[in-house]
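Peer 1: For reference, the chains in residue letters:
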Amino acid sequence: MDSVLTLQTVLSTFDATLRVSTPLILCAMAGLFSERSGIIDISLEGKMLSAAFAAGTLAAVTGSPWVALGGAIVVSVLLGLVHGFACITHRGDQVVSGLAINVLASGLTIVLGIAWFSQGGQTPALASESRFMPLQLPFAETLKGIPGIGPFYESVISGHNLLVYVALLAVPITWWVVYKTRFGLRLRAVGENPLAVDTAGISVSRLRFSAVMIAGALCGIAGAYLAIAQNAAFAREMTAGQGYIALAAMIFGKWRPLPAMLACLMFGFLDAVSIRLQGIELPIVGEVPVQLIQALPYILTVVLLAGFIGRAVAPKAIGVPFSKER
Amino acid sequence: MNTSDIELPAWVEVVLIPVLNILMALFFAGLIILAIGENPVEAVAIMINGAFGYDEAIGYTLYYTTNFIFTGLAVAIAFHASLFNIGGEGQAYIGGLGVGLTFLLLDKYLPAIILIPIGIIAAGLFGALWALIPAWLQAYRGSHIVITTIMFNFIASSLMVYLLVNVLIKPGSMSPETREFDPSGWLPFMHEILAVVGIEVTRTPLNLSFILALICCVLVWAYVWKTRWGYALRTAGQSEAAAVYAGIKPKRIVIITMCISGALAGFVAVNEIMGVHHRLLLNYTAGYGFTGIAVALMGRNHPVGIIMASLLFGVLYQGGAELAFEVPKITREMVVAIQGLIILFSGALALMLRPLIVRLWLAIKPSPTLTQHG
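Residue numbers (the numbering used here), protein chains in the order written: chain X, 1 to 326; chain V, 1 to 374.
It is worth saying that the hints were derived from the structure and are not from the lab. A couple of the hints might just be wrong.
[As the list claims (entries may be wrong)] Derived SDA-like pairs (lysine to any residue); straight-line CA-CA distance at most 20 Å:
| hint | chain 1 | residue 1 | chain 2 | residue 2 |
| --- | --- | --- | --- | --- |
| 1 | X | Lys324 | V | Leu351 |
| 2 | X | Lys324 | V | Ile6 |
| 3 | X | Lys324 | V | Leu132 |
| 4 | V | Lys329 | V | Ile36 |
| 5 | X | Lys316 | V | Ala139 |
| 6 | V | Lys329 | X | Gly120 |
| 7 | V | Lys329 | X | Gln230 |
| 8 | V | Lys329 | X | Gln119 |
| 9 | X | Lys324 | V | Leu106 |
| 10 | X | Lys324 | X | Arg91 |
| 11 | X | Lys324 | V | Glu240 |
| 12 | V | Lys170 | V | Glu240 |
| 13 | V | Lys329 | X | Ala306 |
| 14 | X | Lys324 | V | Ser4 |
| 15 | X | Lys324 | V | Arg354 |
| 16 | V | Lys251 | X | Gly121 |
| 17 | X | Lys324 | V | Thr3 |
| 18 | V | Lys249 | V | Leu132 |
| 19 | V | Lys329 | X | Arg236 |
| 20 | V | Lys251 | X | Ala306 |
| 21 | V | Lys329 | X | Gln122 |
| 22 | X | Lys316 | V | Glu240 |
| 23 | X | Lys254 | V | Ala241 |
| 24 | V | Lys108 | V | Leu129 |
| 25 | V | Lys329 | X | Pro124 |
| 26 | X | Lys316 | V | Ser239 |
| 27 | X | Lys316 | V | Ala241 |
| 28 | V | Lys329 | X | Arg91 |
It should be emphasised that the depicted structure is a prediction, and the values quoted were computed from it without experimental measurement.
Using the sequences and the accompanying hints, generate a full structural model.
Peer 2: Laid out in structure tokens, this is it:
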């Protein structure tokens, strides 16, 4: 047990937790905006994958992480607009549209990647100046000596790249926008009772379109994080289901920003721990299969949705296309 | 003007609009091929030749078609009860577990004539079981079936990795797969059957499960449109309130329909595990469950449509493999992209062209009985 639970391993597990939770948090906030407005968004995965590809490609071509980030956001917002065009303008099925985006992204990123770079679907490896590199927060070195808080600050809080901090900031901002602004009030209203919003003279379509565009932008940042911050290139299928985990986390957080972030951190922690627990005997339970820990986010979400731990109630108008004429 | 209440002739609704939707999807696929600097017309020619040009190609095309018929029917029957089963992939995977367990336990003892039916039943049973849990949760605990079936795909994948790596792996083997089943229980290949009646064709993976797929089409058609259970299923799908009023129990419909749907998806294992691989291995479902969604949307949830859509996807898969071989710049994943476009245009945007076509129709054939809305 000693080898598992030294201070160093605990701190590095927390550090890893934050790193793997970042795209989850960004996508969970994205899903929250979309679903709070009444649009189911299972296309987090596809938007993030396309954005990662765009970021990897642009960073390789231009060498600038900022251009890459911008391009990733543009691509992801465009996919959000496709989702909006299908679900809001043409009142198509929201799940089908989201699935279409995921499948399209999964195929197209590989086709274009191989056609443009001929590296089996990868984009060229990036030099550090075309990526977002770890930042040393102020006083990290000075505070390192203080027992307890010092090493925690130095190795867990400090030393991440910019986008990790962006993700952490996105949570209070989302909370503020959704609960404290006029836009947020209307957003929540349109997800619960669009007819009331329409009667008040506010455009349902416009609100929902802004929501899917915000969702697109956040997924774009998440994709850029994967390709040019956490890793040094785009790899095929690099999102590996994280968009769906984020969706699960958002549901687990009952469509609220802070609980959703905590769920992301929990799922991220499970991921970080599963790698460390491989082949280690724990007291009482023995060796826990890695696959069980990997499946745990999904199992927990199913159990939660079934109402066995609290109740997760979706926005009332979710999934129902709004028709003005009835 | 609200055009959704205006009736169009059946051939426009059932043939013209779906065909236009598919053409739009293929048009965008053509643009992608142009964008990577290849010739789409040439690509289509290579694909069609690669799918139908010689008897081996036809065998492969129909082998893929078999999988798509199973998963397409699975999605379609759930759609009729207005349930969206995204879990075909996981149900097909767990169906394989049923086949695998049956064969590992019994293949040394039973003759093929008994073993094969047991294997088919096990595939269906395990697939149905994997759909039963989300169905029960939807019916009695109110969880959304789309989310639970998505989650169950991932859970199935983890479960199968665990079982194959730790439990079912062939002792002493490095790769996570079971031992090969005893050849006596293999599902006969089509080339073997045809050889018996004196027709020589090239070896392909096409096997007897193709016939099972066609039988399933007939059964699903009869069940949905010709039985009282099918009537109850469609009623509950149209309006739960009306169903309750007619004495139908919607919860029971959810459970039964999802079990049938899961069983149909599980039959993919009959083709893949009993027919082709003859051992249980990782990821043999290869996205067929998701393709089933595109197939059902394209085939308008009708068995005849599903056979045609499955054939088209069979052509795309087999022809796509040939295309990737001939034109290395167009990889096999092009088929996945086309699949995404078809789900988009035949599914999410299925009604996009309708208002335009209604207006055109009215311009050609003005009808005095029209009532204006809005």
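Peer 1: Decide, hint by hint, whether the structure agrees.
Peer 2: Here is how each hint holds up against the structure:
1. Distance hint between Lys324 of chain X and Leu351 of chain V is fulfilled; the C-alpha atoms sit about 17 Å from each other, no more than 20 Å.
2. Of the pairs offered as hints, the one joining Lys324 of chain X and Ile6 of chain V holds, with about 17 Å between alpha carbons and a cut-off of 20 Å not exceeded.
3. Restraint check for Lys324 of chain X and Leu132 of chain V: not satisfied, since their Cα atoms lie roughly 38 Å apart, outside the 20 Å limit.
4. Note on Lys329 of chain V and Ile36 of chain V: the hinted pairing holds, with a Cα-Cα distance of about 8 Å set against a maximum of 20 Å.
5. Taking the CA atoms of Lys316 of chain X and Ala139 of chain V, the gap is near 18 Å; set against the 20 Å cutoff, the hint holds.
6. Between Lys329 of chain V and Gly120 of chain X, the direct Cα distance comes to roughly 11 Å. Compliance with the 20 Å bound is thereby established for this hinted pair.
7. Between Lys329 of chain V and Gln230 of chain X the CA atoms are separated by roughly 29 Å; this puts the pair beyond 20 Å, and the hint is violated.
8. Between Lys329 of chain V and Gln119 of chain X, the direct Cα distance comes to roughly 11 Å. Compliance with the 20 Å bound is thereby established for this hinted pair.
9. Between Lys324 of chain X and Leu106 of chain V the alpha-carbon distance is near 61 Å, which puts this suggested pair outside the 20 Å criterion.
10. Restraint check: the Cα-Cα separation between Lys324 of chain X and Arg91 of chain X comes to about 11 Å, which is no more than 20 Å; the hinted pair holds.
11. Note on Lys324 of chain X and Glu240 of chain V: the hinted pairing is violated, with a Cα-Cα distance of about 24 Å set against a maximum of 20 Å.
12. Pair hint Lys170 of chain V plus Glu240 of chain V does not hold up; C-alpha atoms about 49 Å apart against a cutoff of 20 Å.
13. Pair hint Lys329 of chain V plus Ala306 of chain X does not hold up; C-alpha atoms about 47 Å apart against a cutoff of 20 Å.
14. In summary, the hint linking Lys324 of chain X to Ser4 of chain V is supported, as the alpha carbons are separated by about 13 Å, within the 20 Å threshold.
15. For the suggested pair Lys324 of chain X and Arg354 of chain V, the alpha carbons sit about 18 Å apart, so the restraint of at most 20 Å is met.
16. Between Lys251 of chain V and Gly121 of chain X the alpha-carbon distance is near 46 Å, which puts this suggested pair outside the 20 Å criterion.
17. Annotation: proposed proximity of Lys324 of chain X to Thr3 of chain V holds, straight-line Cα distance about 13 Å (limit 20 Å).
18. Taking the CA atoms of Lys249 of chain V and Leu132 of chain V, the gap is about 17 Å. The hint holds against a cut of 20 Å.
19. For the given pair, Lys329 of chain V sits about 16 Å from Arg236 of chain X by alpha-carbon distance, which is consistent with the 20 Å threshold.
20. For the hint linking Lys251 of chain V to Ala306 of chain X, the alpha-carbon distance of about 15 Å falls within 20 Å, and the restraint holds.
21. With a CA separation close to 14 Å, the supplied pair Lys329 of chain V and Gln122 of chain X stays within the 20 Å bound.
22. Taking the CA atoms of Lys316 of chain X and Glu240 of chain V, the gap is about 18 Å. The hint holds against a cut of 20 Å.
23. At most 20 Å may separate the alpha-carbon atoms for a hinted pair to count; Lys254 of chain X and Ala241 of chain V exceed this at roughly 28 Å.
24. Proximity of Lys108 of chain V to Leu129 of chain V is assessed by CA-CA distance (about 26 Å); at most 20 Å being required, the pair is judged violated.
25. A hinted pair counts as satisfied when its Cα atoms are at most 20 Å apart, and Lys329 of chain V with Pro124 of chain X qualifies at roughly 17 Å.
26. Annotation: proposed proximity of Lys316 of chain X to Ser239 of chain V holds, straight-line Cα distance about 19 Å (limit 20 Å).
27. Between Lys316 of chain X and Ala241 of chain V the alpha-carbon distance is near 19 Å, which keeps this suggested pair within the 20 Å criterion.
28. With a CA separation close to 36 Å, the supplied pair Lys329 of chain V and Arg91 of chain X exceeds the 20 Å bound.
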